[in-house]
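If you want the building blocks of each chain, they are given just below.
2 protein chains.
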Amino acid sequence: MPQYTAPVRDTRFILSEVIGLDRYANLPGFENAGAELVDAVLDEGGRFVAEVLFPLNHSGDQQGCTRHADGSVTTPDGFKEAYAKFREGGWSTLSAPEAFGGQGLPHVVSTAFEEYMISANMAFAMYPGLTHGAAAAILAKGSDEQKATYLPKMVSGEWGGTMNLTEPQCGTDLGLIRTRAEPQADGSYRISGTKIFISSGEHDLTDNIIHLVLAKTPDAPESTKGISLFVVPKFLVNADGSLGERNAVACGSIEHKMGIHANSTCVMNYDGATGWMVGEENKGLAAMFIMMNVARLGVGLQGLGIGEVAYQNAVQYAGDRRQGRALTGPKEPNEKADPLFVHPDVRRMLMEAKALTEGLRALCLWGALQVDLSHKAQTEEEREAADDLISLLTPVIKGFGTDAGYRIATDAQQVYGGHGYIAEWGMEQYVRDARIAMIYEGTNGVQAMDLVGRKLAQKGGRAVQALFALVDAETAAAKDHVRMGDFAQRLEKANGELTAATMWFMANGMQNPEHVGAGAYSYMNLMGLVSVGLMWLRMGLAAARALEAGGGDAKFYEAKLVTARFYGERLLPDAGALRRKIEGGAESIMALEPEMFRAA
Amino acid sequence: MPQYTAPVRDTRFILSEVIGLDRYANLPGFENAGAELVDAVLDEGGRFVAEVLFPLNHSGDQQGCTRHADGSVTTPDGFKEAYAKFREGGWSTLSAPEAFGGQGLPHVVSTAFEEYMISANMAFAMYPGLTHGAAAAILAKGSDEQKATYLPKMVSGEWGGTMNLTEPQCGTDLGLIRTRAEPQADGSYRISGTKIFISSGEHDLTDNIIHLVLAKTPDAPESTKGISLFVVPKFLVNADGSLGERNAVACGSIEHKMGIHANSTCVMNYDGATGWMVGEENKGLAAMFIMMNVARLGVGLQGLGIGEVAYQNAVQYAGDRRQGRALTGPKEPNEKADPLFVHPDVRRMLMEAKALTEGLRALCLWGALQVDLSHKAQTEEEREAADDLISLLTPVIKGFGTDAGYRIATDAQQVYGGHGYIAEWGMEQYVRDARIAMIYEGTNGVQAMDLVGRKLAQKGGRAVQALFALVDAETAAAKDHVRMGDFAQRLEKANGELTAATMWFMANGMQNPEHVGAGAYSYMNLMGLVSVGLMWLRMGLAAARALEAGGGDAKFYEAKLVTARFYGERLLPDAGALRRKIEGGAESIMALEPEMFRAA
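Going line by line, the protein sequences match chains U and P.
First residue of the first sequence? That's -14 in this note's numbering, and the numbers climb one at a time after it.
First residue of the second sequence? That's -14 in this note's numbering, and the numbers climb one at a time after it.
The set of hints was computed from the structure by calculation and includes no laboratory data.
Hints are supplied without guarantee of correctness; some may be wrong.
Remember, identical chains collapse to one label, so a pair may be satisfied in a single copy or spanning two.
As the list claims (entries may be wrong) - With a cut-off of at most 25 Å between alpha-carbon atoms, the simulated DSS-like pairs for lysine-lysine come out as follows: (1) K210 to K316; (2) K321 to K268; (3) K464 to K268; (4) K132 to K361.
For reference, chain U alone in the conformation it holds in the complex (with noise of 0.2 Å):
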């Protein structure tokens, strides 16, 4: 059976050395997250997920959710005993503003938490991750009034919240949802409709479930300009607070899925329940973007948690599991094998586990830091320029993130060898959970397009440009470092490789966008290489200051440096061969009419 430790050293690293948590002391709500209280959220949480969400991952998988005949959903064994205890622990109120109960703690560290929580049971962290993304709707959205009905008993994890967008008809393209709103006299909507895919739809974890809703009003127009996003409560709030009738909403069914089968993925039936509008008429879209925006962050984190327990299975595996010899001569001779450890190929499969998974953590705790500042920051300049670059990276941490916590998965999955295809060996539902990471919220080559055709533009390109000159200003600095100069050097390259796509895509997207599309998704690709690439300078250069600076820990530190070689040597070379790809353009990719593709 698999294990898991939170990763609580690599993150203290991140924090506190590599981001320089200090630095922003002086913002509200970094004030309390001094150095100590930090600490004890990780060690405190890290402890809480292993030994009561992480034994519950296995069997939550076999067992599933059930519908009842009455429409309700039960989770598996034992979660909703956790989840009790996570609501005593207050885990779901930390970066929640205090205006709602919340310990309005910094989003960097409740992301270094939910990372945790994740990797020790996915399908149990979706149930607090969809609530907080439908409160983050109603923060940014909701009328006072909603905000103080829903938002304190959703901040402490009373009630769940879910999102309530696709329908059988529709994903992607929004514009052709169906749902209906019929205004009513007093205000409220009467709202009609079936959704599809709703995670955590149903269940019996929280007293309450506030959907939030994408529906169209009378005479909307056609199109995403018609949407608007309504509240509605699986169970209506009274004046008072207290639960009144029960609303017309239920599951009518729960998937069955390859994977995350303990969070209940429901259909959902809205027949003329009772909600109420969030935001303005038609403007439902933007109000969805800010949950979205919330979920896709979370989803990269999903890859992150996921590529994280698998690696630290394999390297357990790796040395547990003895089979043949190393190429240069017996190791330890005394037993009839090695351990798994002395195959370069196994080893391989590791560093690019652990360069991914380090490197991916620096970029999703840097990119919480970002909406940190978007809200925080002293100037409106830094505000902006940290909205820029969490916009920017946001579809990359989803797209790139998780499509490395699958590769992740699968690599650690291959370590294991046979057993790894067996279901009690735990590996083979890792791949499973994390295959879903690249289609929802957005598959990832919707992410690409976000990339290319939204973020890449906005703003004149402003963020993009900023991202370059940071990634030049770090490499140029870092180019004589005696420990990370050559380092420095390949990431100034594939720095330049993305330019260089990003120009071509400049140079031939007018003429015809389809040479962006075609090369968005290497595009993503590439700006994730890099990103990831410039986190690796970052710590890498913590890492040598470390050194320097003596004060022991030396092998954590000395492996900092050795995995970002790695990282130089075998995961950068990439950047050349996606820039060569993106210059292909679409000509080959839409040469071929449908009927070409079909087997004769």
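Got chain U sorted already, so can you dock chain P onto it with the hints?
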């Protein structure tokens, strides 16, 4: 629910226009394999698998195999009847020797059929697939009596066969096996031990199951030099060929796996079972490799087969599902949205799948032809040349082919968006089924080591030199070709990267063999890229010839030229990156001590 149509048109193109089967009509077995007969095999075989095997694929996955209290195993509903039809149709006998009731057709023809069978139902195809591997070992190494006793009924499919290698403590490192074989006075052996992961180990499809078992005789040397191969029938066979008493071999349990649920993967307990040695004592590994090489090519074919059926369904869905609009404006303005086909990133996934499946089909069939030629070519020189090539390419076809199959299945699932994750759509099964092919019959990492550690150096590197020369000659000849010249130049460049990587291994491997091990996987991918590239050069040239000759079917041939171009522009660029990774060497991969991988 998925659909499947055997790609008969494409197979025929490869056999007649790319490989040119009629050029070999003077060889034994090929004289019967005229165009008419081959067409009949492809047409009828394609129809048989689509009508009989494919409808059982999803239900077989959902139901799985069942082990009963008495140790018997039943396959999913319908499998027994389908297997009877498989036997009746003579599908098990295609390329088996006529002396044992086979049709004596070339391996290249049966390989074409086997691809279809895998696409239609991989778990089903494994039952005859394993029989085929076991029969190959008896044919090559068995005594005349063993051949006469077992082969006719294995060829006819009346009896099944298995390969028993893996034990709980060893898979790759067969020197560690513990199963014992005690010699008896009558020349037989009593076999005792436990084997795991035995595909088709016990089932209800055949009257008898012929297990080929690796075991150690008393006083056998430690290591793989002390392994012998034994034939252990489930039911002993009387002198008159009728079934005698039940042998002391039984299925202890069946594994719960990620996929191929409809194939029974068994723990097999040998409790003093009666067996007979096949071939010489302590030479079991060589005999095992006879089976293994057959099996590895068959597993490579699984990558292709799953890739093909997943691709076909993604194409179908991309035409049926409407979502969003083309970047260049609505393609079907009367509909509410355009089909997925208009989106370049969807096309990218479909084109990659098309380029890889069609390229792998050519490679697998060309490889199968080398197997035929290694036995049947007229001169010793030709036979050796064919044997060199297929020995070299077997790990490439297995490793590169199955990685590609998993990638294609994953991408095909991705085209379906959220629906791809739901079991009833059938796409997630392809991912789960494809996954095992990267693991069994030697993980793909083991294939890579077989390639660089054994195959490269064999006979002074003759095989790899021959491959380079082939690609050099064919790219040089096509360099100025009006349609394929650009591709030929790209392939020449990729072949240059492969050559340079090979030189790098030679220059650095002596100093430290880990430099070779560290680059093995990239090298396998690089050789796969070049080998499939060679196939695309040939297919492109054949298509250009056909277009020049007129004669219709122009769209089919134009699609080949477009897909070749895509392969050159979008897949071959990886060659440079792979070479640079190889040249990164072992240092950053091997530097960390095991404890430096562990989370702190």
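Since the copies are identical, ignore which copy is meant and state whether K464 and K268 lie within 25 Å (CA to CA) inside a copy, between copies, both or neither. Classified as neither: same-chain Cα gap 48 Å, cross-chain 57 Å, threshold 25 Å.
With identical chains treated as interchangeable, where does the CA-CA distance between K210 and K316 reach 25 Å or less: within a copy, between copies, both, or neither? between (66 Å within a copy, 21 Å between copies)
I want to check one pair: K321 and K268. Are their C-alpha atoms no more than 25 Å apart within a copy, between two copies, both, or neither? Between. Shortest inter-copy distance 21 Å satisfies the 25 Å Cα cut-off; intra-copy 68 Å does not.
Intra- versus inter-copy proximity for K361 and K132 (alpha-carbon distance at most 25 Å): Result: close within a single copy only, 21 Å intra versus 80 Å inter.
Hint 3 alone, counting from the list given before, is not met by this structure.
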